[in-house]
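Visitor: Given next are the chains, with one letter for each unit.
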Amino acid sequence: KMMSLILCAVYLSVTCLLHVQAQNGGDHEKFTEELFMKETPSGHVYSHFQFTTRWDSDIRRRDNSREHYNLFPRSVGDIVAAYGVQELSLSLTQGLWRYEKWGYPINSAPPGAQVIARFQSSVPDVDKAWEGLTSALAGLLCSSLNNLGRTESIQPEYSFANQGVTGPDSLGTNRTYLRYGILPRENLCTENLTPWKKLLPCKNKRGLAVLLSSGHIQKYSVYFSLGLDLKPVCYSTGEEGGGCTSPGVELVQSVSVVIDPVIINKQADNTDWNVKRMFGIGVTPACPLAHTSTIFIDTTDSTYVLDPPPNEYLYYGAGMPRKLAVYDVKIFTEHGITDITAKHPKSHIYGIVRAPPVLFNRHVVGTGQERGGIVATIKNSCTTGITVAYLELIPWYLRVYLHTLKIETDGVPVKPINTVYRPGRDRERPYHLELVLKLAARSTTTIRIDMEYSILRWTEYPPDANHGLYVGAAVLTTRLPVDGKANATVLAAEDSSLSHLFWGNVATDPVLKIYSETLLITVPTPDFSMPYNVICLACTIAALAFGPIHNMTTKKLVLVSPDQEEKSLLGKIIACVLSCLPTLAARKKKQEPEQTSDEDKGNEE
Amino acid sequence: MGNVLLYVLGAAFRYSASGYEFLQLRPEISTPTNSWKRLIEGVHLNKMGLSPYDGVLFHETPIMLQLYTVMENILVHRSLLVFIVLDLLTCLLVSEAGYYGAALMLQQQKRIKGDVHPESGSLLHSSNLINVLPKHIAIFYLLNPFLILNCAARTTVVWNNFFLAAALLALTQNNRFLGTLAISIAAYETMYPIILIFPLTIHLATIEGQQGRSVTSSVVETMVYTLLWLSCLLGLSHQLSGGSWTFLQATYGFIVTVPELTPNMGIYWYFFTEMFEHFRSFFLGTFQLNLLMYCIPLSIRFWRSPLLLFGSFIGLISVFKSYPSLGDVGFFLSVLPFFPHLLPFFKQTISTAGLLVATTILAPVLWQLWIYNNSANANYYFAINLLYSSALIFIITDLLLAQVRRQFYLQHGYSVIDSMVNGNKMILQLK
Chain A
12 KMMSLILCAV YLSVTCLLHV QAQNGGDHEK FTEELFMKET PSGHVYSHFQ FTTRWDSDIR
72 RRDNSREHYN LFPRSVGDIV AAYGVQELSL SLTQGLWRYE KWGYPINSAP PGAQVIARFQ
132 SSVPDVDKAW EGLTSALAGL LCSSLNNLGR TESIQPEYSF ANQGVTGPDS LGTNRTYLRY
192 GILPRENLCT ENLTPWKKLL PCKNKRGLAV LLSSGHIQKY SVYFSLGLDL KPVCYSTGEE
252 GGGCTSPGVE LVQSVSVVID PVIINKQADN TDWNVKRMFG IGVTPACPLA HTSTIFIDTT
312 DSTYVLDPPP NEYLYYGAGM PRKLAVYDVK IFTEHGITDI TAKHPKSHIY GIVRAPPVLF
372 NRHVVGTGQE RGGIVATIKN SCTTGITVAY LELIPWYLRV YLHTLKIETD GVPVKPINTV
432 YRPGRDRERP YHLELVLKLA ARSTTTIRID MEYSILRWTE YPPDANHGLY VGAAVLTTRL
492 PVDGKANATV LAAEDSSLSH LFWGNVATDP VLKIYSETLL ITVPTPDFSM PYNVICLACT
552 IAALAFGPIH NMTTKKLVLV SPDQEEKSLL GKIIACVLSC LPTLAARKKK QEPEQTSDED
612 KGNEE
Chain B
86 MGNVLLYVLG AAFRYSASGY EFLQLRPEIS TPTNSWKRLI EGVHLNKMGL SPYDGVLFHE
146 TPIMLQLYTV MENILVHRSL LVFIVLDLLT CLLVSEAGYY GAALMLQQQK RIKGDVHPES
206 GSLLHSSNLI NVLPKHIAIF YLLNPFLILN CAARTTVVWN NFFLAAALLA LTQNNRFLGT
266 LAISIAAYET MYPIILIFPL TIHLATIEGQ QGRSVTSSVV ETMVYTLLWL SCLLGLSHQL
326 SGGSWTFLQA TYGFIVTVPE LTPNMGIYWY FFTEMFEHFR SFFLGTFQLN LLMYCIPLSI
386 RFWRSPLLLF GSFIGLISVF KSYPSLGDVG FFLSVLPFFP HLLPFFKQTI STAGLLVATT
446 ILAPVLWQLW IYNNSANANY YFAINLLYSS ALIFIITDLL LAQVRRQFYL QHGYSVIDSM
506 VNGNKMILQL K
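Going down the list, the protein sequences come from chains A and B.
For the working numbering, add 11 to where a residue sits in the first sequence, where the first one is 1.
For the working numbering, add 85 to where a residue sits in the second sequence, where the first one is 1.
Calculated from the structure, these hints are not laboratory results.
One or more of the hints may lead you astray.
Stated by the list, open to error - Derived contacts from chain A toward chain B, CB cut-off under 8 Å, selection only:
(1) Gly291
(2) Tyr412
(3) Ile466
(4) Leu555
(5) Leu568
(6) Glu576
What the hints assert, rightly or not - Below, a list of computed lysine to aspartate or glutamate pairs in the EDC-like style, where the Cα atoms sit at most 20 Å apart:
(7) Lys341(A) - Asp318(A)
(8) Lys567(A) - Glu293(B)
(9) Lys122(B) - Asp437(A)
(10) Lys214(A) - Asp309(A)
(11) Lys354(A) - Asp271(A)
(12) Lys139(A) - Glu163(A)
(13) Lys566(A) - Glu204(B)
(14) Lys112(A) - Asp271(A)
(15) Lys496(A) - Asp309(A)
(16) Lys516(B) - Glu577(A)
(17) Lys122(B) - Glu163(A)
(18) Lys510(B) - Glu577(A)
(19) Lys516(B) - Asp271(A)
(20) Lys122(B) - Glu381(A)
Glycine is no exception: its CB is placed at the ideal position from the N, C-alpha and C atoms.
With the hints as constraints, model all of the structure from the sequences given.
Guide: Below you can see the structure in the form of structure tokens.
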């Protein structure tokens, strides 16, 4: 009996140990799932899902030693290894993030698809690696990212600084290994979300990912963005605290959804919301492979009451700390699927919403399909001046005139600190304009540049050419001053998980990215239905010159008698008809006399 | 006195038209190869230390680029004056060429006077031609609306016309040195004027042949001069652009391969917009050769009248170049007064003139309808381009045919045409 008891105890402890081992991935791999929810001042609900996978495997390893994957998605790992990726940031977005109403998101993304990739310095041909990477990502996420070839991408000089750790061999900061491309017309739909969910350790079976049902999101969301961010992180630093000795890799998969509860409630002033009605299901038990599984709800400015109440409240940030309600999903869902409801005591009052400190908008000016201009407006309402980097990627079919670039702050011309300009080339590369500007406190700066719309070859137009062509969003990169910092949620560089940020690790050097609107431009179109006619007519004009010149250079002017006259083709036909006529007339005459005699008779009568 | 007034009037027209800045942006006047806006952009990029040939906007030659960079520093906002002065100088050169051309024609006439049919005396030039021709040319040049608009829009065609005028003057003065230089510069700028070397070579060979020099040596000398000038210009450009040949692709490559399909008054843009991809290079070759092809047969047929050859070549260039503009056509029209003796033999004077006027007026209207009002489409504008091109082609072919007919009547007199054979009237025909 003793023996069996001991055996039993040993068995239990071993299974327990194994279980713990499996749960934590032995600290080599760590998976966290988090959901951050916030009601914006305009009454919308912003939900940010974030799934972070950290792995101590060296990102630089490009051999087969990466074969063993536990939590980290193998398909991503293979792509990273194949193309020598150092950092990758990908977003697929439907809808436009309204900065002036919703504040700054955790993950800014432009409408459409965007890929930012930095390759390791051991990569021999960056352009080739970029083409390979975008094609692989296109396959991975079922989107047309493969169109981001050399003709659609640029190498930014001031925007998109390194996100992850740098320093060790081939994890450099050299800009020649950076590529950025944008596809403004790309749609985000179920076929992109499904493969994206399959990259998660629990797929869409367990955990917070269960909430991501495409049908509900597509139906109710006003903004829907999907992200995939990969960067090297440091696991241990050298003795002098200098470089990183063992870099690992961190993959952040995120989904941002903005839902207008009014649409769900079908009542204009009712902004109450609950998880179940927004996502079709309540909060389900956590993914067993997750190290932590947490829901944060920002309750700083809100008047609503959460039901059931959270496990605890958390205050984060200095100065005006933000109050977060924290739900630990593992404890919260002990009794099965549970809903979270937010109820407002009073109905919502719509009013002017306080805009965040830096706003960035862009529009196209001019009429007609010949030429126009792009005007970008940057509004800085901080009490101190800020430095911004403005990046514009303009497709080659809009010909940009740099000498028309005008930058004015409140009507006074300003000189940029730095200007990067690479002119585009037809069918080869886009126009790349990057400006570093110093913006005065409480000022509005406008940037204006003129362009011409080119007429393309008839096969180069997209389907529905008269709809127009899109120009991707411009990017504004800046560091917020102290008084504006509270407005933005910037994840820490060393660990991107929200828990890491909220539990006291505020980013030391928060860099903010703001995207502008996409532009729709109507370029002149040819008539697609008549290539043959155009070719024939233009050739006729060429022949108009050729015919007479050929005649007069090869022939002599002579007098001929009419019967020797050389007739043109038409003349020959007429002559033929005329020569046939007499015989016809003769034949007719034989029949005619009888008729005429009849007529004569009739006339006489 | 009258002449001075004319020049003042021409300058005044050009100056007042330049107030309309939209002229610089009209597709009929400014093409990718000559637009003022693109030139400024190139100068701006050059000043910033970027190569203007890296992009697709700038297509001027490196010498022009340097010239304008210097010019902008000196003149700042008064560059218009340079264009007006240059245009007036061009007019002076052309009317001077008119004087020498008239002398040349009278001299030629004297030589053939014995062969002229007694009935055709009225067809001969009057000796007053030498006084009348320069005046007519000045009027045609200074008051030509095409040239006024062209100058007001500050296109680089103004420069090109200047060199063409110089070449014309050199031809009438039998000046090999200047003629080859002017043609080389013009060809260096816009490539197509290289075909003008045919009339110059023929003329010089004829003149020197009469003085007892062998034709071959004369031809070889002209060729050597031209090649020398061209290589000098290209070498200088190579030096100016910092030892790089990229400008060749941006200038001549651009003219030959027609990569930009911005609408203009020619037949290339829509043709290559609607072209099937696998036929593109074939038709590019055909269209570019189309122009070159005419040189040899016309040179053989009209070698006795190099001025006519020169004029018709300018006309053919202005129709068949890949990016034609009003300025090219304007210069061709202002050369027409050289041939008053051919006017009676024109067949379709009224209809072609009407067509030219109508299309010139209709082009901006249909452009507006297509681009701004969206109530027309590209076909409308292209139809106008086609008619405009055919009007110009009719002028050229009429001009050449008139010369053939005049030759016939000079030789045979009028009465042959009334002679009867077997009771039928004879017919005059090319056979």
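Visitor: Each of the hints needs a verdict: does it hold here or not?
Guide: Each hint tested on the structure:
1. Gly291: 45 Å, violated
2. Tyr412: With a minimum Cβ separation of about 5 Å from chain B (threshold 8 Å), the hint on Tyr412(A) holds.
3. Ile466: At 5 Å from the nearest chain B Cβ, Ile466(A) passes the 8 Å test, so the hint holds.
4. Leu555: Check passed: Cβ of Leu555(A) comes within 5 Å of chain B, closer than 8 Å.
5. Leu568: Holds, about 5 Å.
6. Glu576: 5 Å, holds
7. Lys341(A) - Asp318(A): 17 Å, holds
8. Lys567(A) - Glu293(B): Violated, at roughly 28 Å.
9. Lys122(B) - Asp437(A): Distance of about 19 Å is within 20 Å: holds.
10. Lys214(A) - Asp309(A): The hint is violated at about 27 Å.
11. Lys354(A) - Asp271(A): 15 Å, holds
12. Lys139(A) - Glu163(A): 14 Å, holds
13. Lys566(A) - Glu204(B): 25 Å, violated
14. Lys112(A) - Asp271(A): 12 Å, holds
15. Lys496(A) - Asp309(A): 16 Å, holds
16. Lys516(B) - Glu577(A): 8 Å, holds
17. Lys122(B) - Glu163(A): This hinted pair is violated, its Cα atoms lying about 26 Å apart.
18. Lys510(B) - Glu577(A): It holds: about 15 Å lies between the C-alpha atoms, which stays within 20 Å.
19. Lys516(B) - Asp271(A): 85 Å, violated
20. Lys122(B) - Glu381(A): Distance of about 14 Å is within 20 Å: holds.
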